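Engineer: Sequence:
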Amino acid sequence: MKGSMKYGISGLVVAVLALVAWYFLGTRPPAVEETASPLPIAAQEPQTAAGPAAAPATAPTDAEPASAGAVTAPAPAIEPVPLPELAASDAMALATLAGLAGGAPLTDYLAQDAVISRIVATVDALGGRRVPDVIQAVRGPDGDFLAITVDQPDPELRNEAGDLLPQFTIDSANYLRYTAFVELLEAVDLAELAAAVRN
103 MKGSMKYGIS GLVVAVLALV AWYFLGTRPP AVEETASPLP IAAQEPQTAA
153 GPAAAPATAP TDAEPASAGA VTAPAPAIEP VPLPELAASD AMALATLAGL
203 AGGAPLTDYL AQDAVISRIV ATVDALGGRR VPDVIQAVRG PDGDFLAITV
253 DQPDPELRNE AGDLLPQFTI DSANYLRYTA FVELLEAVDL AELAAAVRN
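If you want our numbering, it's the 1-based position in the sequence shown plus 102.
Hints in this document: simulated from the structure, not taken from any laboratory. Do not rely on the hints blindly, as some may be mistaken.
[Unchecked claim] Ranges of calculated distance between the beta carbons of each label pair, as one might list FRET restraints:
hint, residue 1, residue 2, range
1, P176, G245, 52 to 60 Å
2, D226, M194, 18 to 26 Å
3, R300, E262, 21 to 29 Å
4, Y280, P234, 50 to 58 Å
5, A197, Q269, 41 to 49 Å
Since we're looking at a predicted model, the values are computed, not measured. No residue lacks a Cβ here, since even glycine has one placed at the ideal position from N, Cα and C.
Sequences and hints are given; from them, build the entire structure.
Structural biologist: This is the structure in structure tokens:
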């Protein structure tokens, strides 16, 4: 039971990060399409609405191509920081993730090697029954999973022989083991996380 809870929390943390990244990256169209589409539509509508007044329609048409050309002119290229090869990306990935948490000790909870590969493998494995230890991106909480016996269960469960089976519930003290994880997730700036995932 201890191991399955550890896997569950690790998977939950990675799933939340993946969903946030999907939300920010997958729900918005590219910025190029947003800025390019409205200009041609706005340029064509006044021409058709003007109808017989040909002189006023031609003056804006001459001015509009110049402004459209200015919009499509490429901005000065900003040299992107070259990303390291995947095998050499641990230091950069850990530094980026540490910066996202606003000083919280994020890297204390992450694997220190094959960081990106582990995160991808963990997200991929979330659909299965368990996430193998060798690909865990996030370490589980400290201490043992705590459960207490229910003294008077309702309903009572019995085995085939009619013997009363013990029933357990999660000890409320167990939740304290996850406080550090929750505080860490609350400290992460989601917009910065999405930008980091894009890189």
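Engineer: Give a verdict on every hint.
Structural biologist: Consistency of the hints with the structure:
With their beta carbons about 56 Å apart, P176 and G245 fall inside the hinted range of 52 to 60 Å. A hinted range of 18 to 26 Å for the beta carbons of D226 and M194 is consistent with their spacing of about 22 Å. Range check, R300 to E262: about 57 Å between beta-carbon atoms, so the 21 to 29 Å window is missed. At roughly 22 Å, the beta carbons of Y280 and P234 sit outside the given window of 50 to 58 Å.
Judged by the Cβ atoms, the range 41 to 49 Å given for A197 and Q269 holds: they are separated by roughly 47 Å.
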